[in-house]
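> Sequences listed follow chains A and B, in order. Per my numbering, the first sequence starts with residue 173, numbered consecutively. Per my numbering, the second sequence starts with residue 393, numbered consecutively.
Note that these hints are calculated values from the structure, not bench results. Here the structure is a predicted model, which means the values were calculated and not measured. Wrong hints could be hidden among the right ones.
[Unchecked claim] To give an idea of the interface, some chain B residues facing chain A are shown, with a C-beta separation under 7 Å as derived from the structure: (1) Phe412; (2) Ile415; (3) Thr423; (4) Asp429; (5) Met435; (6) Glu440; (7) Thr444; (8) Phe448; (9) His449; (10) Arg464; (11) Val468; (12) Ser471; (13) Ser474.
[Claimed, not checked] Computed, partial: chain B to chain A, Cβ under 8 Å: (14) Leu395; (15) Gln401; (16) Asp431.
Don't be surprised by glycine CBs; every beta carbon is placed ideally from N, CA and C.
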Amino acid sequence: MNEFVERLISFGWREPRPSYDVVIIGGGGHGLATAYYLATRHGITNVAVLERSYIGSGNSGRNTTVIRANYGIPEAVRFYQHSIELYQTLEDETGRDLMHLQKGLLWIAHSELGVRAERARAAINTAFGAKTEFVTPEEIARICPQIDLSGGGVWPVQGATYHPEGATARHDRVVWAYAEGAMRLGAHVHQRTPVTGLLMDGDRVIGVETPRGPISAGVVMSAVGGHVSGLAAMAGLRLPIRSHPLQAFVTNHYQRQFDPIVSSSDLLFYTSQTPRGEMLMGAEIDRQPSYSYRSGHHFIQQTAFRAITLLPFLRDLRVLRQWTGICDMSPDYSPVMSATPVEGFYVTTGWGTWGFKAIPAGGEGMAGLIATGEPPELIAPFSLDRFAKDRTLADRGSAGTH
Amino acid sequence: MSLEIDCRQCGRRPVAEFMFGEIPRVPDELTDPDERDLDRAFMHENAEGPVTERWFHAFGCRRWTTVERDTRTDEVIGSAQSPGYPVER
Ligand SMILES: Cc1cc2nc3c(=O)[nH]c(=O)nc-3n(C[C@H](O)[C@H](O)[C@H](O)COP(=O)(O)OP(=O)(O)OC[C@H]3O[C@@H](n4cnc5c(N)ncnc54)[C@H](O)[C@@H]3O)c2cc1C
Ligand SMILES: [Zn+2]
Numbered sequence: 173m174n175e176f177v178e179r180l181i182s183f184g185w186r187e188p189r190p191s192y193d194v195v196i197i198g199g200g201g202h203g204l205a206t207a208y209y210l211a212t213r214h215g216i217t218n219v220a221v222l223e224r225s226y227i228g229s230g231n232s233g234r235n236t237t238v239i240r241a242n243y244g245i246p247e248a249v250r251f252y253q254h255s256i257e258l259y260q261t262l263e264d265e266t267g268r269d270l271m272h273l274q275k276g277l278l279w280i281a282h283s284e285l286g287v288r289a290e291r292a293r294a295a296i297n298t299a300f301g302a303k304t305e306f307v308t309p310e311e312i313a314r315i316c317p318q319i320d321l322s323g324g325g326v327w328p329v330q331g332a333t334y335h336p337e338g339a340t341a342r343h344d345r346v347v348w349a350y351a352e353g354a355m356r357l358g359a360h361v362h363q364r365t366p367v368t369g370l371l372m373d374g375d376r377v378i379g380v381e382t383p384r385g386p387i388s389a390g391v392v393m394s395a396v397g398g399h400v401s402g403l404a405a406m407a408g409l410r411l412p413i414r415s416h417p418l419q420a421f422v423t424n425h426y427q428r429q430f431d432p433i434v435s436s437s438d439l440l441f442y443t444s445q446t447p448r449g450e451m452l453m454g455a456e457i458d459r460q461p462s463y464s465y466r467s468g469h470h471f472i473q474q475t476a477f478r479a480i481t482l483l484p485f486l487r488d489l490r491v492l493r494q495w496t497g498i499c500d501m502s503p504d505y506s507p508v509m510s511a512t513p514v515e516g517f518y519v520t521t522g523w524g525t526w527g528f529k530a531i532p533a534g535g536e537g538m539a540g541l542i543a544t545g546e547p548p549e550l551i552a553p554f555s556l557d558r559f560a561k562d563r564t565l566a567d568r569g570s571a572g573t574h
Numbered sequence: 393m394s395l396e397i398d399c400r401q402c403g404r405r406p407v408a409e410f411m412f413g414e415i416p417r418v419p420d421e422l423t424d425p426d427e428r429d430l431d432r433a434f435m436h437e438n439a440e441g442p443v444t445e446r447w448f449h450a451f452g453c454r455r456w457t458t459v460e461r462d463t464r465t466d467e468v469i470g471s472a473q474s475p476g477y478p479v480e481r
């Protein structure tokens with residue numbers, strides 16, 4: 173699949189140089205977007221992205237592609253709103269069809285408490301620049317006629333927030349567009365190049381070890397998704413991250429059109445229709461920290477059971493494919509974009525189950541941090557030292573699933 | 393098939409019945425008390441390989457059990473029920 177597209181897109185693959193100004197470990201969306209914005213916004217092109225498998229083989233090619241900014245804390249609303257806006261212009265900027273579709277997102281409340289939470293979400297979104305409004309069951313039925321407002325008689329729909337800018341995009345095309353854009357300006361992307369060690373000079377990271385030889389670097393950034401703890405440990409750094417599997421599945425073709433993205437925190441699932449007409453379903457992480465990609469029947473059973481409560485038509489569909497990604501979960505459900513106590517070593521992590529929407533703004537922010545040495549305002553609150561400073565950014569109610 | 397935890401009371405039961413309990417290990421190299429507190433509160437080994445961990449059988453006998461598991465495969469390699477395995481820690 174990937175080889176085919178590699179031939180369609182004119183990538184200029186090259187041999188690694190012995191040294192780069194910036195080495196980025198991990199060819200997922202965040203690593204590649206950082207390379208892209210270093211090149212396009214800061215003119216820094218002596219950059220290599222090292223990917224141990226093929227680009228997009230991690231969570232950036234496994235996610236359910238929900239793009240939204242309806243978070244619950246000011247710092248997150250501002251950051252994700254900026255990311256939404258970068259996504260809206262990314263096709264024009266890169267000249268690539270990313271299948272970006274603005275669908276609108278309904279976040280359903282099934283209880284008094286849920287209604288209060290959604291009203292609060294609408295208020296805080298509006299205050300900090302995201303478009304979200306509270307809607308009644310009648311309006312919900314208009315936006316999405318397939319919803320059973322009685323919630324199977326058990327989870328009655330009491331209201332929702334509607335987030336018109338909620339969107340999806342084709343995930344691997346986003347990855348390739350950033351790779352291609354960065355490479356066109358001179359950055360290198362090396363696939364099948366795992367980083368197996370960090371080169372240290374005392375407390376400072378000065379390069380990386382790979383099976384293709386050592387590569388020295390002015391700055392090293394980790395963007396390795398769920399595998400960040402092992403990499404950080406090579407620099408003697410401990411992180412507030414635990415890696416959990418997250419599963420998803422798609423059904424066969426649904427005959428009718430299903431317009432919005434629909435989420436429910438009470439029922440812990442969300443769904444949208446893919447351009448091929450399949451219903452794409454996600455839910456919460458597996459409870460054990462793990463690096464195993466094994467998917468299970470239990471997940472399908474639980475998620476389908478809850479989803480059918482709200483969307484009875486799903487009963488007649490069949491599960492087509494199921495898969496798993498390994499998510500770098502942070503304790504406050506917010507990301508970490510930051511310099512570290514180890515000189516020359518930066519991390520972008522804590523992307524958990526919610527980092528696809530953040531690829532543009534996360535990449536732009538990390539590029540700014542690396543280019544100037546100072547974190548841009550939008551990402552500054554997400555520093556690693558927030559845990560020591562008692563400035564955590566708790567937002568579990570907005571980030572638990574997608 | 394999803395992960396099964398070997399409860400010392402009830403035997404192998406689905407992971408959905410349990411709550412996870414990490415055994416926090418602050419590295420000895422950390423000597424500053426504040427840094428030790430910070431590490432204990434927030435940092436994780438997050439090891440890729442064999443780990444020893446605690447599980448609380450919330451929807452079962454409501455006791456803690458100790459399990460050794462390989463996080464690369466989710467294979468349970470030891471438990472409180474395995475001969476010679478420490479029951480309490
Ligand atoms: C099932 C599922 C559904 C999701 N749904 C959504 C959603 O709807 N919306 C949303 O916003 N987010 C979602 N997410 C989260 C999102 O996918 C991730 O947060 C995001 O893709 C993270 O991007 P990344 O670049 O940080 O990591 P990744 O894409 O995982 O990239 C990391 C890369 O690093 C490579 N790597 C690892 N170790 C090394 C090494 N030592 N040397 C070299 N390379 C290495 C890996 O091979 C990988 O390609 C979902 C995730 C999953 C699993
Ligand atoms: Zn038990």
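> Against the structure, test the hints numbered earlier, and report the numbers of the ones violated in rising order.
As far as the earlier hints go, 2, 3, 4, 7, 8, 9, 11, 12, 13 and 15 are violated by this structure, in ascending order.
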